[in-house]
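Undergrad: Given next are the chains, with one letter for each unit.
There are 2 protein chains.
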Amino acid sequence: MASNEPLDLDEVYAFASQLGKDAGKILDDGWRRRAQGGGQAEHVEKESAVDIVTQTDEDVEAFVKTKISKRFPSHHFIGEETYSKGSSKDYLIGDEPTWCVDPLDGTVNYIHIFPMFCVSIAFILNGEPVIGIINTPFMNHTFSACRGRGAWLNETQQLPLVRNPIPPLPETAPKGCVFACEWGKDRRDLADGNLQRKVESFVNMAAEIGGRDGKGGMVHGVRSLGSATLDLAYCAMGAVDIWWEGGCWEWDVAAGICLLKEAGGLVTTANPPEDPATARIDDAKLGGRLYLAIRPAGDSTRETGRQSQERTVREVWRRVRHLDYARPGA
Amino acid sequence: MASNEPLDLDEVYAFASQLGKDAGKILDDGWRRRAQGGGQAEHVEKESAVDIVTQTDEDVEAFVKTKISKRFPSHHFIGEETYSKGSSKDYLIGDEPTWCVDPLDGTVNYIHIFPMFCVSIAFILNGEPVIGIINTPFMNHTFSACRGRGAWLNETQQLPLVRNPIPPLPETAPKGCVFACEWGKDRRDLADGNLQRKVESFVNMAAEIGGRDGKGGMVHGVRSLGSATLDLAYCAMGAVDIWWEGGCWEWDVAAGICLLKEAGGLVTTANPPEDPATARIDDAKLGGRLYLAIRPAGDSTRETGRQSQERTVREVWRRVRHLDYARPGA
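Here the protein sequences come in this chain order: A and B. Numbered per the numbering used here, the first sequence spans residues 1 to 330. Numbered per the numbering used here, the second sequence spans residues 1 to 330.
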């Protein structure tokens, strides 16, 4: 396809869906081979013990990149593996058609054959993810979305799952909400480091109403899956009400953000503004490394779904700390 | 079957397996009906906003109880719903054949249609769980185990998944381990309450080596699924290396403990003894409400699998706080 040819989004969507299944199959074969062969995956240390990359990871990225470059030679490609081996992590997504791929999200999970691993494929136009495909081979779930065509589980069940009508956020949110969060890789024991700020925020969200000097949120449940992509996919399902995280990269979230937005969710920044009660709620920047996602919400008699989402954003911002994640050099 | 008739464990196992699938189907129908019908599940508050029981929960327990009493009229039955509605939570499991059932483990998950919910069925002889069946309808996974017959995923894949050979625990454990833990329902903001002790323990396990006054464990990942049963099932798979939790009841853990033990895992108490380095490592009491589970482990050149499990138990005990959970009146 020449670069000036008009883009048929349905064609790209069908291609991406099949690509997700084929890539998921490679991940599936990988863990089964390890299960038969015994032992842990061969792995090399990157930055720390928590940051391990497997051969399968690289194989899947090479497979996906080759397939895309054959079918759409003019498209740009950004993959987690090739990208993170480079010297910088500049934000490189512009207006041109770009594929942004995490061949294996939940690498730690994959090494341990903990079910929450997936391949995540996004197609981006004018800086916006317009197609998102997530395939979780261990659970045999495919999540897919394309701009204007809705978000789907296994191509048949539209998201969010509960949709006739879609429930509003609880009036008492974050009370009554499932809160997803991740411990991440930054485990430095600093007095006011990211780990301490995260934990302080988690405890605020979890503690009883009235506790923590009025910051207690009494969420219904706190969940940590070890996959940003699946946190977002479950948020699009409506299973996670609130996801709050810092430190991800664009390949971790591009497909999930597409999915969540097509389902009717909201994504803004994780870091609370100066005045959480009145600040404008802007869409999260794809490369901003800070994300607060709220599930799709329907209207109630008192407010629109969007109003209940924004109310929830402000209640989260009131309870969480500022995280210190930036792009290198930024 | 008369009570003095000899017990055919294979027959009971086959019956329990089918029962798990049938009960899982009711859970599956339940969430699908809610997805179609809209809105949240009808629910009534029990002890707090985090403790919600759905009608489906009671339906599944009634179904399971009826099936068991028809097939094995002399067997005892303890189910979460009937039990927790009573005035006391005395430990009632004796030497006689007893079924211990959680019709819906992960109730919060189920309300939100977060995938980690399941039915958990255990059959207990002489106080020991000898059959365990766990069915997770959203993910279509069945875990099953019977004394002397191994532990299985979907009846075809023996557990742990990696088994030729089964890997030993890492030499640096808990570093390199997946650590599963739950925030639970006790969210009181007390200076030294269970919530604070849990969080302190989680952070010790997560923080870098050398951090937290030498207690930093730098686990590979921290995971919270919201289901004790699935934490144990994933531990039997080998996906979770360490699960540490207080506050569960016997119906939450009976099937999972059977599964884990058949797979080769270890379960002892969550609460560290006075001298973690030398204390005897006894099996957890089924009704003890405090559990530390370690995945199946193979021998290495330096130590047996059991030795590496015990070494890991001691390293966890060194990093966790004493939790305050007892049976009412105990």
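Everything labelled a hint here was simulated from the structure, so no lab data went into it. Among these hints, one or two may not hold up.
Since the list gives no way to pick out one identical chain from another, each pair is judged satisfied if it fits inside one copy or across any two copies.
Calculated cross-link-like contacts (lysine-lysine; reagent style DSBU-like; alpha-carbon spacing at most 30 Å) [what the hints assert, rightly or not]: (1) Lys89 to Lys175; (2) Lys175 to Lys67; (3) Lys185 to Lys175; (4) Lys215 to Lys70.
Owing to the predicted nature of the structure, the values given are computational and were not obtained by experimental measurement.
Undergrad: For each hint, tell me whether it holds in the structure or not.
TA: Hint check:
1. Lys89 to Lys175: between (37 Å within a copy, 28 Å between copies)
2. Lys175 to Lys67: For Lys175 and Lys67, the Cα distance exceeds 30 Å both inside one copy (45 Å) and across copies (38 Å).
3. Lys185 to Lys175: Both: 28 Å inside a chain and 13 Å across chains, each within 30 Å.
4. Lys215 to Lys70: neither (53 Å within a copy, 52 Å between copies)
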